[in-house]
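This is what each chain is made of:
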Amino acid sequence: NAGVMQNPRHLVRRRGQEARLRCSPMKGHSHVYWYRQLPEEGLKFMVYLQKENIIDESGMPKERFSAEFPKEGPSILRIQQVVRGDSAAYFCASSPEQGLGQPQHFGDGTRLSIL
Amino acid sequence: GENVEQHPSTLSVQEGDSAVIKCTYSDSASNYFPWYKQELGKRPQLIIDIRSNVGEKKDQRIAVTLNKTAKHFSLHITETQPEDSAVYFCAASIGDYKLSFGAGTTVTVRA
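One line per chain: the protein sequences are A and B, in this order.
Using the working numbering, you'd call the opening residue of the first sequence number 1 and step up by one each time.
Using the working numbering, you'd call the opening residue of the second sequence number 1001 and step up by one each time.
Since the hints were derived computationally from the structure, they do not count as laboratory data.
Wrong hints could be hidden among the right ones.
A partial selection of chain A residues facing chain B, derived with a Cβ cut-off under 8 angstroms [unchecked claim]:
no., residue
1, Ser-24
2, Gly-28
3, Gly-42
4, Leu-43
5, Asp-56
6, Glu-57
7, Phe-65
8, Gly-109
Pairwise CB distance ranges (calculated) [claimed, not checked]:
no., chain 1, residue 1, chain 2, residue 2, range
9, A, Pro-70, B, Glu-1056, 26 to 34 angstroms
10, A, Ser-30, B, Asp-1027, 23 to 31 angstroms
11, A, Glu-18, B, Gly-1016, 34 to 42 angstroms
12, B, Arg-1051, A, Arg-15, 41 to 49 angstroms
Here a beta-carbon is modelled for each residue, glycine too, at the ideal position from N, C-alpha and C.
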């Protein structure tokens, strides 16, 4: 059973460009969570999605950041007009159901570097 | 919102000794407390979790204890080995699905 798949593993962008991060949940999982991790810090919740629905985006910056989880295909975290402060590791996690009856399993992350 | 504090931030132990990491949380409604291990450049991996209806849980060399009254929980690693060296994160649930993470503890096991 393949784990949570994220790509790319590393992404380099120049200031002002767009960054697209992809996450395919574990097979059978329908809940996706995005987290951001700054160097030597913990994981900060960004957004929780189910298929075609954003359930909670309280951790997302108000501007430039968006997320989707379409009916078909991976979840996408999009960052428009990137700035240096967006440099971080972005992790995706998935779980099979709400209520934390099942734990969240993480992908390998995307390390975003802004030049 | 939930605030999770984790101590110590770094921990160095001799191989074979025990390691203990402590976390406190603020939201009395939290009912799920996972621990993750993250090696350098890799994904956080769930190593053990505990729910609020249980006071202690053990899995081989790893154990977690929970004191709901005091709102703190701890990770205990016994007979530490070099491969236990990693960053360990505690987390507490917020509502039905969110997790609030501690800042992490860097554990170094000296051979």
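Going down the list of hints, with the structure as the test:
no., hint, verdict
1, Ser-24, "violated, 14 angstroms"
2, Gly-28, "violated, 17 angstroms"
3, Gly-42, "holds, 4 angstroms"
4, Leu-43, "holds, 5 angstroms"
5, Asp-56, "holds, 7 angstroms"
6, Glu-57, "violated, 11 angstroms"
7, Phe-65, "violated, 17 angstroms"
8, Gly-109, "holds, 6 angstroms"
9, A:Pro-70 to B:Glu-1056: 26 to 34 angstroms, "violated, 43 angstroms"
10, A:Ser-30 to B:Asp-1027: 23 to 31 angstroms, "holds, 26 angstroms"
11, A:Glu-18 to B:Gly-1016: 34 to 42 angstroms, "violated, 51 angstroms"
12, B:Arg-1051 to A:Arg-15: 41 to 49 angstroms, "holds, 45 angstroms"
Checked against the numbered hints given earlier, this structure breaks hints 1, 2, 6, 7, 9, 11; the rest are met.
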